[in-house]
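Sequence order for the protein chains is B, D, P, Z, R, L, V, G, A and F. Okay, so the first sequence: first residue is 1 according to the UniProt record's numbering, each after it adds one. Okay, so the second sequence: first residue is 1 according to the UniProt record's numbering, each after it adds one. Okay, so the third sequence: first residue is 1 according to the UniProt record's numbering, each after it adds one. Okay, so the fourth sequence: first residue is 1 according to the UniProt record's numbering, each after it adds one. Okay, so the fifth sequence: first residue is 1 according to the UniProt record's numbering, each after it adds one. Okay, so the sixth sequence: first residue is 1 according to the UniProt record's numbering, each after it adds one. Okay, so the seventh sequence: first residue is 1 according to the UniProt record's numbering, each after it adds one. Okay, so the eighth sequence: first residue is 1 according to the UniProt record's numbering, each after it adds one. Okay, so the ninth sequence: first residue is 1 according to the UniProt record's numbering, each after it adds one. Okay, so the tenth sequence: first residue is 1 according to the UniProt record's numbering, each after it adds one.
It is worth saying that the hints were derived from the structure and are not from the lab. Keep in mind it's a predicted model, so treat the numbers as computed, not measured. Where is the CB? At the ideal position from N, CA and C, for every residue including glycine. There may be inaccurate statements among the hints.
Which residues of chain P face chain Z? A partial, calculated answer using Cβ under 10 Å [unchecked claim]: (1) M1; (2) F3; (3) T62; (4) L64; (5) H65; (6) E66; (7) E82; (8) A85; (9) L86.
From the derived model, a few chain P residues whose C-beta atoms are all more than 12 Å from chain B [to be verified]: (10) L4; (11) E19; (12) N26; (13) K29; (14) G54.
Heads up, simulated EDC-like pairs for lysine to aspartate or glutamate below, C-alpha to C-alpha not over 20 Å straight-line [what the hints assert, rightly or not]: (15) A:K57 with L:E90; (16) V:K29 with B:E90; (17) R:K24 with P:E66.
10 protein chains.
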Amino acid sequence: MEFLVRFETTLPPGMDSEEVGRLKTNERKRATELRQEGKLVRLWRVPGRRAVVGLWKAASTTELHEAIASLPQFPWMDVTVEPLALHPQEL
Amino acid sequence: MEFLVRFETTLPPGMDSEEVGRLKTNERKRATELRQEGKLVRLWRVPGRRAVVGLWKAASTTELHEAIASLPQFPWMDVTVEPLALHPQEL
Amino acid sequence: MEFLVRFETTLPPGMDSEEVGRLKTNERKRATELRQEGKLVRLWRVPGRRAVVGLWKAASTTELHEAIASLPQFPWMDVTVEPLALHPQEL
Amino acid sequence: MEFLVRFETTLPPGMDSEEVGRLKTNERKRATELRQEGKLVRLWRVPGRRAVVGLWKAASTTELHEAIASLPQFPWMDVTVEPLALHPQEL
Amino acid sequence: MEFLVRFETTLPPGMDSEEVGRLKTNERKRATELRQEGKLVRLWRVPGRRAVVGLWKAASTTELHEAIASLPQFPWMDVTVEPLALHPQEL
Amino acid sequence: MEFLVRFETTLPPGMDSEEVGRLKTNERKRATELRQEGKLVRLWRVPGRRAVVGLWKAASTTELHEAIASLPQFPWMDVTVEPLALHPQEL
Amino acid sequence: MEFLVRFETTLPPGMDSEEVGRLKTNERKRATELRQEGKLVRLWRVPGRRAVVGLWKAASTTELHEAIASLPQFPWMDVTVEPLALHPQEL
Amino acid sequence: MEFLVRFETTLPPGMDSEEVGRLKTNERKRATELRQEGKLVRLWRVPGRRAVVGLWKAASTTELHEAIASLPQFPWMDVTVEPLALHPQEL
Amino acid sequence: MEFLVRFETTLPPGMDSEEVGRLKTNERKRATELRQEGKLVRLWRVPGRRAVVGLWKAASTTELHEAIASLPQFPWMDVTVEPLALHPQEL
Amino acid sequence: MEFLVRFETTLPPGMDSEEVGRLKTNERKRATELRQEGKLVRLWRVPGRRAVVGLWKAASTTELHEAIASLPQFPWMDVTVEPLALHPQEL
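One chain only, chain B, in its complex shape (with noise of 0.2 Å):
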């Protein structure tokens, strides 16, 4: 199943940049991973914002979540998941 994933990312203000350096190294690689496993497709910026958008692909709404929530960055992270069915003319 294919879901399209919208997040922002806010973290703390006070933050230190080095947890901020090492959270974002963690966090590339976290996704390249997501990228091997089959479950992160395509990742878009939005033009202007701190924000992205994702073409994701998941057995079910459980694994997409568990995907997301396995990113470092998930705690700062504002998410909006819509799942899309497949269009006939796809077929």
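We have chain B; now place chains D, P, Z, R, L, V, G, A and F onto it with these hints.
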């Protein structure tokens, strides 16, 4: 997978009352079939409105779409689908 | 009577991690009690968020309020309550 | 239990004026009955609109729904129901 | 004149608990006075929230404002005032 | 008491142009009367729309409602009323 | 450049069924051409609605507009276009 | 003074096609006049919609309103006007 | 030209009370000057809130912006400006 | 391609004033460079707010994103980007 599905049906004002009656009968029949198939699990009324909220089950969003679209009043239904993920406390 | 109750919990950023741990343990304990009392019937996660949707039962909205307010994380919860009416097809 | 119920009635433009008159008379009659049954407690007009806000009482949301749905103009009413919980200062 | 007044109070996170206690006691005292003055007529809780809906009476919106602003927690209250007009069925 | 009253009028598409003309003439006449009664104080156009914002005066919201409802185009008006309280700098 | 394009089509209620049939056939034909031109990349159904979300490609927003406006059902489509920027992880 | 003016035109469904053609021709003619008068400065299409955004100039909001209201399709236009203030970097 | 200007002021929680007092005094002084300049015409309180609605006059939106920005509390004000056009009935 | 870009900047309350001064100087410098590159075409102030609307040009949304993200105050900016399509009357 489980979904919360809301819909409000607005039939065209001029529709002839016999047609309305037939539609509603077929709607109930189809809903009963969907229950027997395990797709429609629970149905509630939104108090004060001609709208319902239902707990649905489907193997995928595509299957869910086809189930909803099979309802005779589908062309006049305003539907929102909310995907639900399993909560660990339910395991 | 049945209600759909949504809530998202945002603990203050500076809260010490032990306090957070204790709150979460007590929250799970209280939720289990509410299940045994028949008030909390089903719980789902909103995919991608630190939010839940639950099916609750209470004899009145006042009783429902007291049950929700008894959750340890209540001071930091953003809650919306949706009343549900019985649908004739469920009789 | 008490509820705040808002509704705005929009009759179809082409409806013949006699039918409108009969509906309004029956509406007032039914409202009076609902008062006598203790279900409709107070009614206010939303200033400037053909809309009302009412304080209603019912043993359950299902009973409330049936009371509202018994109003002759129900098919043309846009209704929102807000559940109210008892405030400790009122005990 | 009658008004529906909603408010939700959010005290600053760091406020010392004694100060919070004193504020809440004074709030209850002031609310009781407003009842005796006939300004605060009925109060309900919004189920699940730290918010209230109240039926208020005042000779003018200015008098209503002064009554609400006299509540000790006013600086931290998010308030909406809805004016109500008399319904002919109430005469 | 003073109120900001916004309204946008949408006459039914099929209304015959003579009827529209008569309505508009009567509307202007009634508006002039309301000015003489001191109820309609100032009127502005919302630039680009067939909508107006007005400063109104009335002894109560009920009196305000009756004044607005006395406008010939009332059945086709979408109105919002905003109550205003006196500002101390105006005393 | 890539865009997320959502649209929901609402044909006029009275439209004769043959005309509806012809429109839908031409719509599918045009959509196929847009795929061959590489403009329409992926299409999904919004579960439960007569609406679609699509991933589109165009050299400019003007070219995108002309492609969407070339769809036979365009006069009855409610469209929103969301521009997407390339994400560095996709390079 | 400069303004951003958005509008979307929805002609009544039953309007006869000749009348539609005449309206559109007159609309273009009037728009050209407004350009010559320096009132309409730039016009863009909202991609995917039958809507436009324009940069307009007028000595006052009243003059702007009269210019917009002079467009033949004004009775069927949904318009929003956004006032713009000069930015110091433009001096 | 006339404008309806709404603003709500939220001073930072930790601001020292003397600084708050000085700001409020200077705010009143500046408001009085703006009245003398004919820019601030009328001011009302939004009942129940720490917010105001004002009728302002300015030769342009740029002049209006500078007048509002000259208020000492401007950095903490949430402002919306609504342009008003002259209504023919006011001529 | 042209875009309407809105942004409102909210610097953290505790930021030291020298840092704020440096940021604003660099912001003006960067904005001037973007003008010279032809990316920032026109800039207006939203009257009454610390917000701007700008007309921008870029070969793609990705290029636009990079231009906006190059502004020193980008981490504290709330941005919305609206894509514009060419209007035939502008050819």
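Hint check results:
no.: 1; hint: M1; verdict: holds, 5 Å
no.: 2; hint: F3; verdict: holds, 8 Å
no.: 3; hint: T62; verdict: holds, 4 Å
no.: 4; hint: L64; verdict: holds, 7 Å
no.: 5; hint: H65; verdict: holds, 4 Å
no.: 6; hint: E66; verdict: holds, 8 Å
no.: 7; hint: E82; verdict: holds, 9 Å
no.: 8; hint: A85; verdict: holds, 4 Å
no.: 9; hint: L86; verdict: holds, 4 Å
no.: 10; hint: L4; verdict: holds, 17 Å
no.: 11; hint: E19; verdict: holds, 16 Å
no.: 12; hint: N26; verdict: holds, 20 Å
no.: 13; hint: K29; verdict: holds, 22 Å
no.: 14; hint: G54; verdict: holds, 16 Å
no.: 15; hint: A:K57 with L:E90; verdict: holds, 17 Å
no.: 16; hint: V:K29 with B:E90; verdict: holds, 14 Å
no.: 17; hint: R:K24 with P:E66; verdict: holds, 19 Å
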